[in-house]
Amino acid sequence: MARNVSKTIGRGVVAIAALLVIIPLFWTLLSAFKNRVDIVTPTPMLFFTPTLDNVLYVLERESVRAGLINSIIVSGCSVLIGAIFGLPCAYAVARYPMRVADDIQFFVLSLRFLPPVAIAIPLIVIWLDVGLYDSRIALIVTYSLLTLSTTIWLAIPAFKRVPQEIEEAAFVDGYGPYAIFFLIALPAAAKSLIGAIVFSFVLVWNEFLIALMLTTSDAKTLPIVASEMTQLGRDVPWGILNASVILLSLPPLLFLGVLSSFLSSALKTRKQG
Amino acid sequence: MRLATSLAALSGALILSAGLAGSARAEAVCSHDLRVLAQPRDGLTLLEKYKDEFKKLAGASFDIDYLNENDRRAKSRADASTVGKYNVYYIDEANVALFASSKWVAPLLDYYPKEYDYADFDPGRQKVATYEGKVYFAPLTGGGDLLVYRKDLLDKAGMKPPTTLDEFIADVKKLHDPDHGVYGIALRGQRGSGANVWRWMPYFRGFGGQWFDGNTPAFDSDAAVKATQVYLDLFKYSPPGTKTGSWDESTGAFLSGEVAMLIESTPLAGEAIDPKVSKVVGKVGYAPPPSPLTGGGYAHGLAIGAKANKDEASKKCAGLFIAWATSKENEKRRLDADQFGELNRSSVMTSDEFNQKFGADLGKALAETAKVTAVNFWQDPEWPNLGDHWGIELEELIAGTRTDIKGSLDELRDYAKQLVANRKS
Amino acid sequence: MKIRTKLPIVFTAPTMAALAVLAFVPTIDAINIALQNRDLSNPDSLYVGFANFRALIDDPRFLNSVSVSVAWEILTVAATMLVAVPLAILLFETTPPAVRNGLCVLFIVPALLPRVSAAFVWRFAFHPLFGLAVYPLRLITGQPIDLLANPHTAMFTVAIVDVWQWGLLFAVIVVKLLETLPRQPFEAAKLDHARTWEIYAYIAIPMLQAPLISLVFVKMVESLRAFDLIYVMTRGGPGIATETLDMYAFSQGFIESGRISYASSMAVLMMAATTIAFTVLWRWARRWRET
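Residue numbers (numbering that gives the first Met the number 0), protein chains in the order written: chain V, 0 to 272; chain R, 0 to 424; chain S, 0 to 290.
Bound-form chain V, shown alone:
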């Protein structure tokens, strides 16, 4: 009996946690389709006449379009660089006994400790001096630090999880070390590797501080544009703000499935690994 009561209470707490996720997001979504009068009410309104004006305004703004293009190019290129250079490096660390393997792992991890401001401030000066301040190239190069370290860090365990026997069998069949990497190890670890790459994409897509400090107009990414919109003081256009937040949040959420199964598989095999 007591067990049932506590079980019900426990379920209640879990349900509240779930509602805490759903309600704010649902409310934001709802507000994106509201007119200002329906938002600025002392009593929250659940039923209202929806409008598409906010969404259309956001989509039609030149700055949003430019921000979207910048975000896609910058995230895409830096993730690509992270994968092309990061995956082989991770494989070598995972598979070959190297004296420096531990140091490499620690170095890559320690890059995560670096406070972003500490990198961004000198980079402002560096990019200004080179004449690349506020350019996509500057952002891509800077972000590559982020994507490389994340990809390596997450890909090492993914390669380690590939059963060694498969690679040994391939070696016996006459495959060279490079062929083993490209034809055997990469496909075998593909699922986890995609998770790692997607993770680095989300990280870069969401990045804010560095983009804020390294851009002024040409290379502004979507988070910067969205934050500028959310900070408009005068007669705050709440509906438009909500709509821009929704647009910004959609791409990472597209990968929800990939990332959640990546998380599960990474943690499940932990014990055997």
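Note that these hints are calculated values from the structure, not bench results. Certain hints may be false.
Far from chain R, by Cβ distances over 12 Å, these chain V residues were calculated [claimed, not checked]:
#1 I21
#2 F32
#3 R60
#4 I72
#5 P96
#6 M97
#7 V99
#8 I103
#9 S109
#10 L110
#11 I123
#12 S216
#13 L249
#14 P250
#15 V257
#16 L266
If you only want the chain S side, here are some residues facing chain V, beta carbon under 8 Å, derived [as the list claims (entries may be wrong)]:
#17 T14
#18 M15
#19 L21
#20 D28
#21 E92
#22 L102
#23 W121
#24 M154
#25 M206
#26 V220
#27 F249
#28 V279
Using N, Cα and C, we set each Cβ at its ideal position, and we do this for glycine too.
With chain V's structure known, arrange chains R and S on it following the hints.
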């Protein structure tokens, strides 16, 4: 008489723009789209609807990036001082000295076509736009301060609008009745030389305070302590949200009927009678700020970026855009859209249409307040630095995380000495 | 698999070289800039030795930002773990696997959102006049309540958003960890009539000690990146009540003045402090895990 002149001016503007539009086809002034960094203004939003008209006139279009006032100041300085990618900057009384002396903006009148008649702008705003004898921006808004009060509440309490600060403070206390949803006053608490400091300065200057004596900071005075004390005391009667709020929060509270009286920049007068944003239409009266408070004279406007417009041709293009954006025709459109705060030209503000729309009372109050309107801030390129620094200390004092007024002013004095010393070296 | 091959060098050397350049050039330059008096608007500058660092010691705002950063770090790490572990246990104990998996996906959502979005969603919810989160309080007291403008509540309010993102994500991770645990010790304890909380306190959590400590470590690193949240929600205000080190460095370098050297000296101190702290912690954690 007035009708005749304004009609003449308007038809002149129409013919003019028609003529310009015709000639633009022959040779386009602009070879590329203009990039504008601004803060949100109803007048600019309205302007964006006429992009095609500008395209016809100049051969290119324009894009406006909006940032709130504090961010616009910070970002335009960061951009102008480094890469300078904006063709047109939105600048104001507080940073015109900085932008002009750093040569981040070009003198406007060299590129402002004569036909657009710069001399027509309100003389007070022209003065603000001038630095060392040269004009740098064309005003989009400006004015001074008005005491804006709720006639109905004052009548009910049997009061007359206060004319001195002592009366004003006493009335604020009497009218303060939060249990019935009425706060005595609304102030600005948010940091910033154009936010909390802006509303504090009339007290400081009204009490005889001075910013500098030559190169020596002089603001560390009794006047500043007393001004701060009065300002903090008045915050007890200001609605929630204003402690970290600025213009929006205070005027928003007034317009929704929660505030009895406040001293704010003149555009509030126009918003108060606009039924789209105001719940207190018909209940509002205006007067000049109670003595000894001085009105905070200000103006915001558009200026030509010097770095982004390297050659004469692109400066001309930016100049044409500014002229078009602030033209009589566009001001007329703002008048038609009831945008009181967006009007700057004498010809528009003295027109019969203006009087019909906004009433004779307002005109009278504006004329009277012009007499006490003054430059309250320190007219120096370093002003934004000093003002923003004081803004943070003031915000802390208002939030209660700092209590020592004199000590705070001493800290600011040391900071000011540093600023002056750095400049000399 | 012992083969003689240059693969390790070919695969690691270019990448590590690139990483080293990307990491060391800015960090060394940060120190270089911190020793000058460079201004954002003026590329000419002089070396001034340790003047910036000396000025920092006398700067009450800097000292304030250090204590705000430390408070933020402790508050968010503790709160995240205190939400994650109990919530994970409740999820594990009270929900059938299918529901649990669904909820796990849901609980990842906040962490995936850009922090700018999360910050905005909640700033909107905490709006004193029409925010949904403060609506009940407004109903009860009849007064608008502005949690982000009050120096006593502002940091807690921002921390709620941080825990909303990280606490829920960590709960999912802890659930997955619980699922990997062998069942026998639990069954045995149940036969001994151990209470549920005792099973977790004495069996499950000790078994998960190592990964839980890693999670604390991860959260400590991530808590240093609160800039986005604070920037959107309070800008360091009211006053300087939520002004963390990175926020202050940013203000000095950008918003209030272009004192990029001064900002850089702060960044250098921050870098030194975190590198030392985390190196020590990392070594300690690893040695501890090996014994």
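To see whether the hints hold, each was checked on the structure:
no. : hint : verdict
1   : I21  : holds, 28 Å
2   : F32  : holds, 21 Å
3   : R60  : violated, 9 Å
4   : I72  : holds, 18 Å
5   : P96  : holds, 49 Å
6   : M97  : holds, 43 Å
7   : V99  : holds, 40 Å
8   : I103 : holds, 37 Å
9   : S109 : holds, 31 Å
10  : L110 : holds, 27 Å
11  : I123 : violated, 8 Å
12  : S216 : violated, 5 Å
13  : L249 : holds, 23 Å
14  : P250 : holds, 22 Å
15  : V257 : holds, 34 Å
16  : L266 : holds, 42 Å
17  : T14  : holds, 4 Å
18  : M15  : holds, 7 Å
19  : L21  : holds, 4 Å
20  : D28  : holds, 4 Å
21  : E92  : holds, 6 Å
22  : L102 : holds, 6 Å
23  : W121 : holds, 7 Å
24  : M154 : violated, 19 Å
25  : M206 : violated, 11 Å
26  : V220 : holds, 6 Å
27  : F249 : holds, 6 Å
28  : V279 : violated, 12 Å
Hint compliance for this structure: hints 3, 11, 12, 24, 25 and 28 are broken, all remaining hints hold.
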